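Build the full structure now, drawing on both the sequences and the hints.
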Amino acid sequence: MARPFTPKVVTGNALLEGDVIYLTEDDTWTRDLSQAEVLTDEAHAQVRLLEAQGRPSEIVGAYLADVRLDDDGPEPAHFREAFRRTGPSNYFHGKQAERA
Amino acid sequence: MYRYDDFDAAFVAERNAQFRQQVARRIDGSLTEDEFKPLRLMNGLYLQLHAYMLRVAIPYGTLRSAQMRQLAYIAERWDKGYGHFTTRQNIQYNWPTLADVPDMLDALAEVEMHAIQTSGNTIRNVTADHFAGAAADEIADPRPVAEMIRQWSTDHPEFQFLPRKFKIAITGSPNDRAVTKAHDIGLRMVEQDGQPGFEVIVGGGLGRTPMIGKVIRDFLPREDLLPYLEAIVSVWNLLGRRDNKFKARIKITVHEHGIDAIRELVEARFNELRPAFTGEDQEILAQIEAAFAPPIFEDRPADTFDAAYHTDPVFRAWVDSNVSEHRAPGYAIAQISLKAHGATPGDASAEQMRVMADLAERYGHDQLRISHEQNVVLPHVHRADLPAVHAALKAHGLATANIGKISDIIACPGMDYCALATARSIPIAQQIATRFEDLKTEHEIGDLKIKISGCINACGHHHVGHIGILGLDRAGVENYQITLGGDHTETAALGQRTGPGFSADEIVPAIERIVDAYLDNRESDDERFIDTFRRLGMEPFKHALYDETGKARADAA
Ligand code: SF4
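Chains A and B, in that order, are what the protein sequence lines are. Residues in the first sequence are numbered consecutively from 3, following the numbering used here. Residues in the second sequence are numbered consecutively from 7, following the numbering used here.
Rather than coming from a laboratory, the hints here were simulated on the basis of the structure. Quick caveat: nothing in here was measured; it's all calculated off a predicted structure. Worth double-checking, as some hints may not be accurate.
Here are the in silico distance ranges between beta carbons for each label pair [claimed, not checked]:
| hint | chain 1 | residue 1 | chain 2 | residue 2 | range |
| --- | --- | --- | --- | --- | --- |
| 1 | B | R559 | A | L52 | 49 to 55 Å |
| 2 | B | K251 | A | R5 | 27 to 33 Å |
| 3 | A | A45 | B | R247 | 34 to 40 Å |
| 4 | A | D74 | B | A394 | 55 to 61 Å |
| 5 | A | V40 | B | L426 | 23 to 29 Å |
| 6 | A | L18 | B | K251 | 50 to 56 Å |
Ideal placement from N, C-alpha and C gives every residue a C-beta, glycine not left out.
The structure is reproduced here in structure tokens:
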């Protein structure tokens, strides 16, 4: 039996600002993981990744990141993604500051 | 100090203008990321976890006060008001936007600085002893030679597409403060029969496969340096493993072929190249040397120093740990710790940069140095001025008296910033420093170097730390491996692994147990950690860390 597919989001860094962005369902970019399109089908995920990679003047280094599905939406599956969505731990900079 | 000549200035201006165009073409879509990436890397621009990062070279770690002020200005104007000094005498800005970088580079050029060759498979920023030109033990100032190497290697047509990056370090002192044995080439200035020359060390490096460099030539006459360097780089350029990124560094080439075979090839190539160097390089070196003429040292009393030293214990503690002997009578080398307990190692705010610049201008012959240990140095301060310097530093959180102590930790940016990281380094450094500050045992412990890297690339030099910490990702959890017994000096050695790693919660207690074992086992207060380790080996430390089954001991202490 095939292994269940771990849900994913398309993410990368914005070309101009360099910060972390995620692809949404309606093809915009969001800075907020909870707004990202959660991909639960492997083939569809690959298509969405290709579509993101086809927008090189907006995103750099697009890839699929694993997420866990919580009641509040997608949560990072790995600590690297948790830092990407939050910002550094030594200063209140990056996403955490923008949200505040 | 060395100033750009017309050629240097025109070269940097041209490169900046080119890069401005390249950025514009990337933004308007005419360059793809694949096309743009090598161009931005050539100009020191990385894309990290949260943002772009600009890495600026501080050649041989030397800055004038005007340059430090400009670094502060750039931090405020285009970044978040601070900069991070690295283990390779660079400063990194963590938050620039792409469109701002050309302006940042122009601002750097105004003070004769740039970010060229701080990345990519080129000869990188040449690093030097941070006490160069001031150290009491120095044979000669290594910086003119470092500057000559910078000029020779910058944009060298043969060496723009090397198998991998290439790092050179140089020291003019027998006490190696430049980690020369962990560089692709390490140069140690030596004398033979009254003649100046170099001991040439090759194939050192940390990272995935750490190696201590080997001596390829024990005495190279001074005037043979450039052809000899060129011979080494060109032999490696041909032999180096371009098929495998992890085997491409010269340390692997030396390891695979053996130092004797490499030496033969280098000597043969050197004999071919030598006649092409007809002395012009030596004329240039003589000019560069004139630019590095030492300041005029004053002969004046230091009564103010003596009075403060005897009456002010805070000042005395700072002098005892942060001030080193200078070659000129009455003078001292003062280190400014960027390791306040709980702060991020190597970070300085724009305000702190200005304070340091002002002190250099007022009391330090306008000179500053950046050490590979991520601290700042005022290389030429008269002892009489040390109390005033200390008072000013204290007022800005810069007077931490911990140089060489357990809280003077080297830490790479790790997963708080670095896209390659497997774990964080900065919070571990912060916690260790804070813990030992709370225990108030730092000065009792004495000299102890902790070095932390956030992945096997080892930018935090963990292999050569007395205690090295390497952050890894073990099944999706941060895990920290400890090595003991590393040494970054002239007696360079790689640390040995203690055993299984520790979680982020366990690592600070584990370090504490190692330190307790040292305090219990040292023969006297003067026996440094590294000496106790050399005398007793791993056993007592292993015992402190693990139980009989080899498992990490719970923190019952
Ligand atoms: S050691 Fe690894 S994590 Fe640390 S700065 Fe270097 S590449 Fe990044």
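Do the hints match the structure? See the list:
no. : hint                          : verdict
1   : R559/B with L52/A: 49 to 55 Å : 51 Å, holds
2   : K251/B with R5/A: 27 to 33 Å  : 30 Å, holds
3   : A45/A with R247/B: 34 to 40 Å : 38 Å, holds
4   : D74/A with A394/B: 55 to 61 Å : 56 Å, holds
5   : V40/A with L426/B: 23 to 29 Å : 27 Å, holds
6   : L18/A with K251/B: 50 to 56 Å : 30 Å, violated
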